[in-house]
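**Student:** Read off the chains here:
Number of protein chains: 2
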Amino acid sequence: MGALHEGHLSLVRRSVDQTDITITTIFVNPTQFATGEDLSVYPRPLERDLKLLADEGADVAFVPSDDEMYPSGCSTTVAPPALSEALEGEFRPTHFSGVLTIVLKLFNVARADVAFFGRKDYQQFLVIRKMVADLNVPIRIEVCPIVREPDGLAMSSRSVYLSPEERDIALSLKRTLDLARTQIKEGQRDGFELITEMRQSLIDGGVTSIDYAVVADVETLETLDPIRLPCVVLIAAHVGTTRLIDNCVVELD
Amino acid sequence: MGALHEGHLSLVRRSVDQTDITITTIFVNPTQFATGEDLSVYPRPLERDLKLLADEGADVAFVPSDDEMYPSGCSTTVAPPALSEALEGEFRPTHFSGVLTIVLKLFNVARADVAFFGRKDYQQFLVIRKMVADLNVPIRIEVCPIVREPDGLAMSSRSVYLSPEERDIALSLKRTLDLARTQIKEGQRDGFELITEMRQSLIDGGVTSIDYAVVADVETLETLDPIRLPCVVLIAAHVGTTRLIDNCVVELD
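Just so you know, the sequences run in chain order A and B. According to my numbering, the first sequence is numbered sequentially starting from 108. According to my numbering, the second sequence is numbered sequentially starting from 108.
It is possible that some hints are incorrect.
Claimed, not checked - Covered stretches of chain A, as calculated for chain B (at least 3 residues, CB under 8 Å): (1) 177-187; (2) 199-211; (3) 239-251.
Because the hints were derived from the structure by calculation, they are not lab data. Everything numeric in this text was worked out from a predicted model, so none of it was measured. In this text, a Cβ means the ideal position worked out from N, Cα and C, and glycines have one as well.
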């Protein structure tokens with residue numbers, strides 16, 4: 108979706124490193140935004156983005172118009188897998204249908220062998236990988252690490268929306284994930300107790316509201332109580348009017 | 108779906124004639140049948156089918172199991188285009204989602220350049236072609252003529268269900284299409300009047316019930332009144348417990 112940051116560029120570098128041809132795409136996909144979300148104000152620094160992609164060695168930047176991707180009358184969509192219903196799916200019910208439809212279309216246009224996605228959108232990565240399996244799409248999905256600012260904030264195109272005060276509050280997401288990881292590593296297995304602490308940590312940190320804070324199975328995203336490893340800790344919270352997500356996977360030692 | 112007849116074999120011959128490699132598939136797709144439809148009794152003469160495909164020069168026959176196409180937990184599907192809602196979609200509301208999902212999966216497995224479909228399933232052909240366009244599927248859809256028995260009955264795997272008496276009644280579909288074509292060619296432009304005559308012709312012919320008998324736009328399937336050319340005349344009717352469909356396109360001279 109453009110507004111590129113180091114997270115995106117790490118994917119481009121991975122592709123340049125591992126493949127013969129790197130195809131990138133910048134498209135602020137309208138169908139994955141609900142009414143009232145930030146489609147109209149989503150940052151679109153196209154020239155800067157294209158220069159960044161070229162500098163990293165991308166071979167192609169595909170920058171279609173809305174009409175090119177969704178000509179008049181275009182109405183076939185992907186109905187997302189069950190995995191999409193919780194978490195993001197609960198708070199953004201039409202989101203994954205929009206994501207999967209555009210991703211499948213772009214896969215079909217690019218006909219790539221492998222596609223690189225960031226792990227910051229953890230559920231998105233799982234849902235895309237499930238679509239690829241369920242629909243036999245001939246592509247391999249590779250997930251790449253979250254890239255963070257020096258202070259720990261997960262890179263996001265939406266962090267430009269944050270005021271300096273909100274930027275500080277936003278750090279409570281990573282701090283809460285660290286708290287959860289430490290407690291799980293130290294043996295905390297009571298999911299309800301940990302989630303209660305996580306919510307308190309986010310509130311103490313100053314977030315405006317919490318969409319979810321959960322400990323879940325790394326494959327099915329089912330909430331874990333008791334907690335078992337590996338697991339993924341996922342948070343979605345609002346800081347002012349900006350919605351942020353972050354997560355961390357806690358592996359078996 | 109197997110139970111091959113000359114209609115299917117004409118598609119194989121077309122592919123053998125036009126392409127380097129002909130991939131066929133036999134799979135009685137459970138997800139395109141609704142509860143109460145004929146999934147359990149659908150004819151499955153597999154050995155005979157495989158011999159027919161080999162005799163025609165097919166290079167591959169892909170005969171997957173249900174579990175191979177739909178492993179446990181498989182839940183991503185294709186949500187059909189608007190074009191799917193009328194006609195078959197009205198009487199078989201889950202049908203096209205099942206059809207499009209399996210067709211997209213098979214396209215992804217085969218990675219073919221071109222796929223051949225029969226025009227007997229006219230709406231199915233249009234809906235598949237629309238999915239291919241809407242989702243940018245890299246395949247070309249070619250539609251092939253309806254193949255008929257010497258007496259005019261459109262070839263169908265379901266005609267084995269017909270008793271000799273029902274077989275005679277089934278001819279009323281083609282007779283009614285011929286009537287419609289003749290009247291349109293002679294200048295009939297009153298859609299309501301023609302459809303009334305078509306329904307009477309089917310009832311006189313002895314059909315058990317009529318799902319639809321319409322004159323529609325060849326691309327959008329919108330009902331035409333007044334009639335204009337080109338148009339497609341479509342019928343779905345029950346003869347005893349067997350549901351039959353047929354159609355004819357009336358071109359501009």
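**Student:** Can the region 239-251 of chain A be counted as covered by chain B under the rule of three residues or more with Cβ-Cβ separation shorter than 8 Å?
**Tutor:** Our answer is that it holds, as 6 residues pass the Cβ test (under 8 Å) against chain B, meeting three.
**Student:** With a cut-off of 8 Å between beta carbons, are at least three residues of the region 199-211 of chain A near chain B?
**Tutor:** That given contact holds, which follows from 4 residues of the region 199-211 of chain A lying within Cβ reach (below 8 Å) of chain B.
**Student:** Are three or more residues of the region 177-187 of chain A within 8 Å, CB to CB, of chain B?
**Tutor:** Satisfied; 8 residues make the cut.
The structure agrees with every numbered hint stated previously.
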